[in-house]
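Q: Here this note's numbering is used: the first residue of the sequence shown is 875, the next is one more, and so on.
Please keep in mind that the hints were generated in silico from the structure rather than gathered at the bench.
The calculated lysine-lysine pairs, modelled on DSSO-like cross-linking and capped at a C-alpha distance of 30 angstroms, are:
| # | residue 1 | residue 2 |
| --- | --- | --- |
| 1 | 936 | 1235 |
| 2 | 1237 | 1181 |
| 3 | 1180 | 1067 |
| 4 | 1067 | 1237 |
Here are the in silico distance ranges between beta carbons for each label pair:
| # | residue 1 | residue 2 | range |
| --- | --- | --- | --- |
| 5 | 1230 | 1018 | 40 to 50 angstroms |
| 6 | 1022 | 1066 | 44 to 54 angstroms |
| 7 | 1039 | 1236 | 34 to 44 angstroms |
Backbone N, C-alpha and C define an ideal beta-carbon position, used for all residues, glycine too.
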Amino acid sequence: MRLILGNLLLTISEWYSFFLVSQLSLFIFPALYGVVIFALGFIGRIAGSVVFGYVGDRFNRKVAIFSTSLTLVASSLLIILFYNYYSIITFRFLQGLSLGGEWGGASTLVVEAYRDSKFRGLATSIVQLAVPVSVILSSISIFLLSVFSLEEWRFSLIFSIVVSLISIWLIRDMKSINIESSYSFPILTAIRKDWGNILKAIGIKISESANFYILTSLIFSRHVPTTEVSAIVTLAVSLQLVLLPMFGYLSDLIGRRFVVFIGAVVMLFGSISFSLSLILGETLLSVSDASLYAPQSSLFTELFDKKYRFTASNLSYQVASIIGGTLAPIVLKVTGYGIPTVVLPYIFVTLLSVALVEETKGKRLK
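Work the whole structure out from these sequences, hints included.
A: Pasting the structure below:
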């Protein structure tokens, strides 16, 4: 349980800082600069999946996880102490780099620790709770900043630093997992040996990424008071505190694939409802996101061989985040297209991918 709590807190620190800047980038910075800041974090995430995945799969999981946390702490201190456009760009990339390694690392550690359990979906979905908790915290931070001073937003990152240090203390004694791998570059091995599963994982993830950043970031660009938007986002995402463990548990009963299918269908209705009622649309998209997201940690890590599990699960996740999480909100913001028009192709790809991927519920892990 200490392992789950430590990884949960570490993941909260990562997502909180990432979401805070993602939300702020779309309305406090000049338009072009804000888009660059928003996208740069996702580019860093892909780099992080490769860099920290190499360490985790080639040498040691524990060293990789600790390194992601220290990267976040160092980059947060950088922007607090040396605040300018250059430090923001550097911080955003390092922030993405850190998150790009941490998500897959935390998921891999929990799945491997509970490899003999029938409830891996539930165990990993508890770590996934970091996402709604972080969105709630970042939205509350933006609400408070909008009341007092948005210009001082960087000091909100002190929270990330404190939580990161606490999480390091909690997982300091976790069993160090050494990987005896003959593969010099796990990413190349994963692409060569398992490119099909990588593509399927990307396809499963992209609609959830598009869904999530429409739900939590694009909404701030609407002509609605910031305080009102923050409240709506906080309430909608709060539902996931219950829904994520519920869908995680459900994936252990009826399978990962069927839970993802439910989320894709609900996403379609949510995207249509968004233009009719902001609150209804946000609620449905939140339910959809929980159903799509809850099984991802277990499904992605269960798909891949342990010798490149850290890298492959992370890479699939982060590439999909670029395609869905970055592209969809930017297209919507720049073109003015309706949400259903933009997200329908994502939903189709996810349904196709989930139909093709193997069911991993109950799969025996080495």
